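**Student:** Each chain, written out:
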Amino acid sequence: GAGVSQSPSNKVTEKGKDVELRCDPISGHTALYWYRQSLGQGLEFLIYFQGNSAPDKSGLPSDRFSAERTGGSVSTLTIQRTQQEDSAVYLCASSPLRGWFQETQYFGPGTRLLVL
Amino acid sequence: GENVEQHPSTLSVQEGDSAVIKCTYSDSASNYFPWYKQELGKRPQLIIDIRSNVGEKKDQRIAVTLNKTAKHFSLHITETQPEDSAVYFCAAYAGGTSYGKLTFGQGTILTVHP
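Those protein sequence lines, which keep their order, are chains A and B. With my numbering applied, the first sequence corresponds to residues 4 to 119, in that order. With my numbering applied, the second sequence corresponds to residues 649 to 762, in that order.
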């Protein structure tokens with residue numbers, strides 16, 4: 004079946020502009036995650052949605068970052084007033100996550116963001 | 649919260665040799681440990697995982713071992729091939745207050761020389 008998809012695949016923006024990144028999870032997956040990966044670095048957790056529960060925003064680096072998940076499916080990560088240090092690959096992942104039993108997270112291809 | 653340390657950060661081997669990557673975790677409640685492979689410019693993909701009720705799991709040339717007492721787990725790749733070259737990430741899941749969240753290691757860059 005279809006995997007996790009993200010758009011755009013690449014985004015170049017000017018410092019100070021707002022950007023929106025989109026994630027379409029695997030159909031039926033209740034959990035959705037956003038990560039940031041800077042060049043040559045590991046996976047930095049940003050935010051996590053699970054069903055209708057309040058999202059876990061503990062990884063968001065500043066109040067310029069926000070995310071929504073509409074109807075328990077598509078998610079949008081918004082970065083306001085972008086800074087050069089926001090340049091990175093933004094990865095989305097989804098998981099079935101049933102009960103306490105952790106399931107595999109499936110990653111999307113990422114959005115490469117470059118802030119000039 | 650959970651903390652995962654991964655070593656080494658880089659690993660260079662000759663084709664045909666074995667490669668071992670080690671991770672330690674801090675939360676004794678952790679019960680799920682996946683390993684992801686990320687090729688250059690690609691998405692991370694699960695290659696193997698292990699749950700806390702077993703000590704070892706194998707899948708062809710790759711294996712993962714878990715020592716719950718010492719709180720560490722390792723990835724073993726035998727008969728390495730150039731296409732094994734990638735960044736490998738370990739992760740741990742503790743549940744509880746970290747419900748649903750994986751904590752990732754910093755990654756190991758594996759280079760297999762022909």
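None of these hints come from the bench; they were simulated from the model. Do not take every clue at face value.
[As the list claims (entries may be wrong)] Dumping the calculated DSSO-like pairs for lysine-lysine here, alpha-carbon to alpha-carbon at most 30 Å:
(1) B:K706 - A:K14
(2) B:K690 - A:K20
(3) B:K690 - B:K670
(4) B:K690 - A:K14
(5) B:K670 - B:K706
(6) B:K670 - B:K705
(7) A:K18 - B:K690
(8) B:K719 - A:K60
(9) B:K690 - A:K60
(10) B:K706 - B:K716
(11) A:K60 - A:K20
(12) A:K60 - B:K685
[To be verified] Covered by chain B, per the in silico footprint, the following chain A stretches (three or more residues, Cβ under 8 Å):
(13) 11-24
(14) 50-59
(15) 109-119
[As the list claims (entries may be wrong)] Output of the computed footprint for chain A on chain B, the stretches with three or more beta carbons under 8 Å from beta carbons of chain A:
(16) 687-693
(17) 748-758
Every value quoted in this text rests on a predicted model; they were computed, and no experiment measured them. Glycine is no exception: its CB is placed at the ideal position from the N, C-alpha and C atoms.
**Student:** Does each hint fit the structure? Answer for all of them.
**Tutor:** The hints, checked one at a time:
1. B:K706 - A:K14: violated, 40 Å
2. B:K690 - A:K20: holds, 27 Å
3. B:K690 - B:K670: holds, 23 Å
4. B:K690 - A:K14: With a Cα-Cα distance of about 17 Å, the restraint between K690 of chain B and K14 of chain A holds, given a limit of 30 Å.
5. B:K670 - B:K706: holds, 16 Å
6. B:K670 - B:K705: holds, 15 Å
7. A:K18 - B:K690: holds, 26 Å
8. B:K719 - A:K60: holds, 28 Å
9. B:K690 - A:K60: holds, 26 Å
10. B:K706 - B:K716: holds, 18 Å
11. A:K60 - A:K20: holds, 22 Å
12. A:K60 - B:K685: holds, 26 Å
13. 11-24: Since three or more residues must qualify, the claim that chain B covers the stretch 11-24 of chain A is violated, with 0 doing so at under 8 Å.
14. 50-59: holds (count 3)
15. 109-119: holds (count 5)
16. 687-693: n = 4 at 8 Å, threshold three: holds.
17. 748-758: With 8 residues closer than 8 Å to chain A, the stretch 748-758 of chain B meets the three-residue bar; holds.
Violated hints, listed in ascending order, are 1 and 13; each of the other numbered hints is respected by the structure.
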